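**Student:** What follows is each chain in one-letter form.
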Amino acid sequence: GQNIDQPTEMTATEGAIVQINCTYQTSGFNGLFWYQQHAGEAPTFLSYNVLDGLEEKGRFSSFLSRSKGYSYLLLKELQMKDSASYLCAVRDTASGTYKYIFGTGTRLKVLA
Amino acid sequence: KAGVTQTPRYLIKTRGQQVTLSCSPISGHRSVSWYQQTPGQGLQFLFEYFSETQRNKGNFPGRFSGRQFSNSRSEMNVSTLELGDSALYLCASSSGGTGEEKLFFGSGTQLSVL
Chain A
1 GQNIDQPTEM TATEGAIVQI NCTYQTSGFN GLFWYQQHAG EAPTFLSYNV LDGLEEKGRF
61 SSFLSRSKGY SYLLLKELQM KDSASYLCAV RDTASGTYKY IFGTGTRLKV LA
Chain B
1 KAGVTQTPRY LIKTRGQQVT LSCSPISGHR SVSWYQQTPG QGLQFLFEYF SETQRNKGNF
61 PGRFSGRQFS NSRSEMNVST LELGDSALYL CASSSGGTGE EKLFFGSGTQ LSVL
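Respectively, the protein sequence lines represent chains A and B.
In this text, residue positions in the first sequence follow our numbering: the first is 1, and each later residue adds one.
In this text, residue positions in the second sequence follow our numbering: the first is 1, and each later residue adds one.
Honestly, the hints are just simulated from the structure, not real lab data.
Hints are supplied without guarantee of correctness; some may be wrong.
Partner residues are not named here, just some residues of chain A that face chain B (Cβ under 10 Å, in silico) [said to hold, decoys possible]: (1) 7; (2) 41; (3) 45; (4) 63; (5) 72; (6) 74; (7) 87; (8) 98; (9) 102.
Predicted model, so just to flag it, every value in this text is computed and none were measured.
C-beta atoms are modelled at their ideal positions from N, C-alpha and C, and glycine is treated no differently.
Start from the sequences, fold in the hints, and give me the full structure.
**Tutor:** Below, the structure is given as structure tokens:
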């Protein structure tokens, strides 16, 4: 089957570091994506991993372990504007074409 | 470059009615996919169109259908609306390839079924 799990909610303090985990079980795999979605807005792309390891982009980093079906998004030097939902998505290739499977999202609250 | 445009932004319908939602992708993008977003279920994949052909389909009943025009604009139709169809409907466009092929989302259509 296809399943993506991530925590429902997390709270952290401004200036701190937070790690949002994502585990997945899909029939095929062709990349893992992280999107950010502020309340009432469209999701926007944050990061992409297709090979094992860490990808760093400024304050945001994303890690992937394909053998463990595991990824995390690391947010450093948290700012109030980072309060949003973070969506983990896998591009699945099971059907012979590409389909994006999304997790239910992790709502992050950054406190002053 | 203009972003993905979805219309209308809000819709209120009653049970049994039908509704059509519209999505204009980013210029040059040939793939348009549709998602249903609800608080408990997250983003659920409805279908994807590429060059006017449905390339992929999620697990939604036949009441949900779509199409894509030659200019890549897409429409989604829901017939015989049910209360459970109340959700945010998002469309996303991409060039339809692989690699770091990110999705660009529209702001969505918030559908309320009364």
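**Student:** Take the hints in turn and mark each one as holding or not.
**Tutor:** Status of the hints after comparison with the structure:
no.: 1; hint: 7; result: 13 Å, violated
no.: 2; hint: 41; result: 7 Å, holds
no.: 3; hint: 45; result: 4 Å, holds
no.: 4; hint: 63; result: 16 Å, violated
no.: 5; hint: 72; result: 18 Å, violated
no.: 6; hint: 74; result: 19 Å, violated
no.: 7; hint: 87; result: 7 Å, holds
no.: 8; hint: 98; result: 7 Å, holds
no.: 9; hint: 102; result: 4 Å, holds
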